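Student: Each chain, written out:
There are 2 protein chains.
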Amino acid sequence: MEFSEWYSDILEKAGIYDLRYPIKGCGVYLPYGFKIRRYSFEILRKLLDETNHDETLFPMLIPENLLAKEGEHIKGFEDEVFWVTHGGKTPLEVKLALRPTSETTMYYMMKQWIKVHTDLPMKLYQVVNTFRYETKHTRPLIRLREIMSFKEAHTAHATKEDCDAQITEALNLYGEFFDEICVPYIISKRPEWDKFPGADYTMAFDTIYPDGKTMQIGTVHNLGQNFAKTFELEFETPDGEKDFVYQTCYGISDRAIASLISVHGDEKGLVIPVDVAPIQIVLIPLLFKGKEEIVMDKIKELNNTLKSEFRVHLDDRDIRPGRKYNDWEIKGVPLRIELGPRDIENGQALIVRRDTGEKITVEYSNILEEVEKIVSMYKENLKIKADEKIKNFLTVVNFESDVNALSEKVKAALLENKGIILIPFDESVYNEEFEELIDASVLGQTAYEGKDYISVARTY
Amino acid sequence: MEFSEWYSDILEKAGIYDLRYPIKGCGVYLPYGFKIRRYSFEILRKLLDETNHDETLFPMLIPENLLAKEGEHIKGFEDEVFWVTHGGKTPLEVKLALRPTSETTMYYMMKQWIKVHTDLPMKLYQVVNTFRYETKHTRPLIRLREIMSFKEAHTAHATKEDCDAQITEALNLYGEFFDEICVPYIISKRPEWDKFPGADYTMAFDTIYPDGKTMQIGTVHNLGQNFAKTFELEFETPDGEKDFVYQTCYGISDRAIASLISVHGDEKGLVIPVDVAPIQIVLIPLLFKGKEEIVMDKIKELNNTLKSEFRVHLDDRDIRPGRKYNDWEIKGVPLRIELGPRDIENGQALIVRRDTGEKITVEYSNILEEVEKIVSMYKENLKIKADEKIKNFLTVVNFESDVNALSEKVKAALLENKGIILIPFDESVYNEEFEELIDASVLGQTAYEGKDYISVARTY
Numbered sequence: 001m002e003f004s005e006w007y008s009d010i011l012e013k014a015g016i017y018d019l020r021y022p023i024k025g026c027g028v029y030l031p032y033g034f035k036i037r038r039y040s041f042e043i044l045r046k047l048l049d050e051t052n053h054d055e056t057l058f059p060m061l062i063p064e065n066l067l068a069k070e071g072e073h074i075k076g077f078e079d080e081v082f083w084v085t086h087g088g089k090t091p092l093e094v095k096l097a098l099r100p101t102s103e104t105t106m107y108y109m110m111k112q113w114i115k116v117h118t119d120l121p122m123k124l125y126q127v128v129n130t131f132r133y134e135t136k137h138t139r140p141l142i143r144l145r146e147i148m149s150f151k152e153a154h155t156a157h158a159t160k161e162d163c164d165a166q167i168t169e170a171l172n173l174y175g176e177f178f179d180e181i182c183v184p185y186i187i188s189k190r191p192e193w194d195k196f197p198g199a200d201y202t203m204a205f206d207t208i209y210p211d212g213k214t215m216q217i218g219t220v221h222n223l224g225q226n227f228a229k230t231f232e233l234e235f236e237t238p239d240g241e242k243d244f245v246y247q248t249c250y251g252i253s254d255r256a257i258a259s260l261i262s263v264h265g266d267e268k269g270l271v272i273p274v275d276v277a278p279i280q281i282v283l284i285p286l287l288f289k290g291k292e293e294i295v296m297d298k299i300k301e302l303n304n305t306l307k308s309e310f311r312v313h314l315d316d317r318d319i320r321p322g323r324k325y326n327d328w329e330i331k332g333v334p335l336r337i338e339l340g341p342r343d344i345e346n347g348q349a350l351i352v353r354r355d356t357g358e359k360i361t362v363e364y365s366n367i368l369e370e371v372e373k374i375v376s377m378y379k380e381n382l383k384i385k386a387d388e389k390i391k392n393f394l395t396v397v398n399f400e401s402d403v404n405a406l407s408e409k410v411k412a413a414l415l416e417n418k419g420i421i422l423i424p425f426d427e428s429v430y431n432e433e434f435e436e437l438i439d440a441s442v443l444g445q446t447a448y449e450g451k452d453y454i455s456v457a458r459t460y
Numbered sequence: 001m002e003f004s005e006w007y008s009d010i011l012e013k014a015g016i017y018d019l020r021y022p023i024k025g026c027g028v029y030l031p032y033g034f035k036i037r038r039y040s041f042e043i044l045r046k047l048l049d050e051t052n053h054d055e056t057l058f059p060m061l062i063p064e065n066l067l068a069k070e071g072e073h074i075k076g077f078e079d080e081v082f083w084v085t086h087g088g089k090t091p092l093e094v095k096l097a098l099r100p101t102s103e104t105t106m107y108y109m110m111k112q113w114i115k116v117h118t119d120l121p122m123k124l125y126q127v128v129n130t131f132r133y134e135t136k137h138t139r140p141l142i143r144l145r146e147i148m149s150f151k152e153a154h155t156a157h158a159t160k161e162d163c164d165a166q167i168t169e170a171l172n173l174y175g176e177f178f179d180e181i182c183v184p185y186i187i188s189k190r191p192e193w194d195k196f197p198g199a200d201y202t203m204a205f206d207t208i209y210p211d212g213k214t215m216q217i218g219t220v221h222n223l224g225q226n227f228a229k230t231f232e233l234e235f236e237t238p239d240g241e242k243d244f245v246y247q248t249c250y251g252i253s254d255r256a257i258a259s260l261i262s263v264h265g266d267e268k269g270l271v272i273p274v275d276v277a278p279i280q281i282v283l284i285p286l287l288f289k290g291k292e293e294i295v296m297d298k299i300k301e302l303n304n305t306l307k308s309e310f311r312v313h314l315d316d317r318d319i320r321p322g323r324k325y326n327d328w329e330i331k332g333v334p335l336r337i338e339l340g341p342r343d344i345e346n347g348q349a350l351i352v353r354r355d356t357g358e359k360i361t362v363e364y365s366n367i368l369e370e371v372e373k374i375v376s377m378y379k380e381n382l383k384i385k386a387d388e389k390i391k392n393f394l395t396v397v398n399f400e401s402d403v404n405a406l407s408e409k410v411k412a413a414l415l416e417n418k419g420i421i422l423i424p425f426d427e428s429v430y431n432e433e434f435e436e437l438i439d440a441s442v443l444g445q446t447a448y449e450g451k452d453y454i455s456v457a458r459t460y
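Chains as they are written, first to last, in the numbering used here: chain A, 1 to 460; chain B, 1 to 460.
Hints were generated in silico from the structure; no laboratory data involved. Only a predicted model underlies this, so the values are computations on that prediction, with no experimental measurement involved. Among the clues, some could well be false.
All copies of an identical chain are treated as equivalent in the list; a pair is satisfied when it fits inside any one copy or across any two copies.
Unchecked claim - Below, simulated EDC-like cross-link-like pairs (lysine to aspartate or glutamate); rule was C-alpha separation at most 20 Å, straight line: (1) K373 <-> E338; (2) K24 <-> E93; (3) K389 <-> D194; (4) K24 <-> E416; (5) K95 <-> D79; (6) K95 <-> E64; (7) K229 <-> D243; (8) K359 <-> E12; (9) K95 <-> E80; (10) K379 <-> E293; (11) K115 <-> E12; (12) K95 <-> E78; (13) K213 <-> E93; (14) K229 <-> D327; (15) K75 <-> E388; (16) K389 <-> E432; (17) K111 <-> E12; (18) K111 <-> D452; (19) K289 <-> E345; (20) K359 <-> E234; (21) K242 <-> E432.
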């Protein structure tokens with residue numbers, strides 16, 4: 001099955017997201033999908049809170065004149081903005097944009113709050129819906145007109161050094177987040193011609209989907225003093241001078257969810273990382289005539305034992321076990337525990353891992369520790385697999401000083417090896433002309449195993 | 001100070017909400033305010049999750065034809081809807097409403113999901129932003145154009161009995177929520193002329209603000225089969241017949257936050273219920289020359305001890321203690337603990353309660369238990385106070401069979417006693433004409449101490 005077909009299929013079958021809504025690029029997070037989102041964003045929130053980011057909530061509507069304040073910025077968004085023009089039947093005096101992102105909103109307010117160096121650093125974030133009038137092909141959780149979950153952080157600093165240090169903190173924080181949800185990535189400095197509108201430079205996280213195309217899953221922008229000058233974000237320095245703040249912003253969206261689904265899924269369905277799994281362990285009683293009560297009593301006891309540490313679901317539906325296995329494999333539940341009369345007689349239980357399919361018989365008397373052990377192996381394995389998945393998609397080519405020879409080589413490599421092609425970094429080909437020649441996207445400047453490359457791929 | 005002035009003032013001073021945004025009725029949840037919101041909505045989420053409601057996320061935009069599908073419903077909203085008419089520079093073929101509420105969105109999707117009685121009950125909720133083009137005076141967190149936090153639940157059931165039982169569950173659940181955040185309330189069945197557009201009937205929670213005006217803080221609607229018929233929400237019954245589902249919906253907004261602020265605040269600032277306090281205990285070192293280290297070491301130790309159970313903040317700013325007391329009183333931190341060299345010598349610490357101002361000297365060796373005890377007294381006291389606050393605002397008048405005499409009496413009572421006037425229930429005056437006569441709002445039919453009343457008040 002083609003990846004994109006698999007993807008649409010699994011979103012529906014596993015109850016993640018339903019796109020049958022009568023607006024293109026708008027859909028519904030279903031209960032199971034929403035839980036994955038909730039646990040994932042809880043991890044992200046925790047990482048942000050621990051590094052002294054403050055959660056806030058800013059307005060969704062942006063007056064046209066405010067959105068247009070930063071010239072480069074608005075140019076990057078003006079064709080993609082939804083406009084509110086009427087309240088009831090009354091035409092509005094100033095039309096209002098649905099936020100495509102919140103720089104202008106936030107920096108307008110920061111102007112009210114930042115007066116003196118002791119007000120800095122200011123590190124704010126919010127998790128909100130944002131909007132783009134996408135004219136391209138939309139794709140659930142990947143390219144939407146309503147991005148349902150956008151975590152955007154915005155920081156302001158007194159010095160360039162603090163600002164640069166914030167970029168490092170953000171990169172580490174995002175790296176940790178993607179590690180925790182088992183999404184592999186490479187980090188690139190985006191080329192000038194593909195940076196965030198209004199930024200000094202943009203760092204980006206890309207992952208690779210099973211079809212070899214890359215997906216941008218997180219960006220970190222160093223805004224320097226560009227927006228600060230436009231929004232007059234001046235403050236008094238310790239020496240009593242005036243200076244503009246230095247700013248960064250960084251964002252992660254629903255694509256994080258799309259990616260953890262896409263990277264680990266297999267032909268049977270989802271394979272969900274333990275920490276974000278709505279159900280971590282499913283219990284399946286094997287019922288035989290006359291032994292129902294013994295089994296149900298035991299499995300309820302097991303449910304209570306495991307509940308203290310895990311999100312457990314006891315599947316007591318009146319259907320045959322095989323169908324249950326199938327249902328929970330589709331939904332990617334990490335562990336399944338089967339318990340029948342013979343297991344009880346033998347003081348055992350059978351644990352089945354979703355990631356490897358491995359079946360493990362364990363002593364019932366010791367089951368909590370056994371489960372803990374297997375859960376930690378499952379986590380470890382998903383991380384290793386994630387790592388392998390991206391490594392298998394990296395191909396290094398040798399440099400050629402002749403541009404045409406190099407571009408032919410890269411094109412051939414792109415055909416032969418899906419994924420990312422790494423070209424030893426050289427200024428001479430780091431430009432849009434070369435990008436056009438190779439008929440693929442330049443992700444940017446990428447450090448890999450201690451060397452510097454130009455990374456190139458077909459992208460989503 | 002007038003209440004409304006106090007209210008605007010405290011939102012700013014305590015760092016709750018900033019309305020200096022260039023769109024009327026749109027503002028920013030500041031970090032401290034956002035934390036109160038987060039903890040409050042976490043309580044609500046927990047109550048919903050425990051009663052098998054599934055969290056979801058539906059689109060914010062609603063096509064005009066979908067919003068207009070239910071005739072009564074759209075009439076209730078059409079003058080208050082913001083309309084998106086353009087994507088970039090392109091006029092949209094169908095204009096899109098910013099959701100004022102999500103009945104139409106959700107029921108359109110329920111149609112895809114509900115086929116047979118085993119699909120029921122379906123109990124969904126979401127926490128989202130909603131929009132009303134308010135032409136009246138807006139007020140932060142109370143009457144906004146962007147309602148930043150709207151928890152809306154929508155349920156579908158196979159029988160009228162299940163649906164009615166759901167109304168009871170919702171009322172209990174909301175009651176528990178308001179109890180936990182210490183907001184007192186009365187429950188009324190809204191009169192026919194003031195029910196939710198499209199509902200069979202509406203139950204509402206009202207609280208009373210310090211100025212004696214009531215505030216609607218939660219509503220629970222029995223939709224019967226009205227929307228089901230419009231949205232063709234048919235299912236197959238156990239007997240193989242076709243029937244329409246029975247529906248309820250219920251919502252709670254930012255007004256919950258506005259109310260917990262308003263009901264308990266005093267002239268010094270906020271008084272926050274423990275469970276939703278961003279900081280539950282603030283520690284203030286009393287530093288004297290030469291003893292700084294002893295005090296700081298001890299108070300850091302105390303910080304670590306308390307952190308295991310409470311949200312604690314150690315205020316080590318280099319300003320005098322009096323200013324610190326003042327700052328944290330404004331922010332309504334439940335307990336303040338002061339620790340100086342003499343306290344350490346005596347093996348004591350001083351705890352100051354924000355609700356009563358009481359100062360309590362406790363043994364340091366036993367401090368965790370002492371704090372637990374005081375925290376639970378604080379909680380209890382806020383609940384008792386909440387209860388008293390609403391009781392003091394209730395006035396029962398005797399019934400008069402002469403409508404004019406009754407209305408004069410009610411008007412006099414409204415002048416004399418701010419708050420809610422309870423009139424023994426009588427059909428003859430339960431109508432809009434009477435409401436006009438008394439020049440106040442009929443909240444509805446209210447059970448109080450075993451009797452049935454018509455409740456009347458000036459409302460926000």
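Student: Return the numbers of the hints above that this structure violates; sort them in rising order.
Tutor: 3, 4, 8, 10, 13, 14, 15, 16, 18, 20, 21
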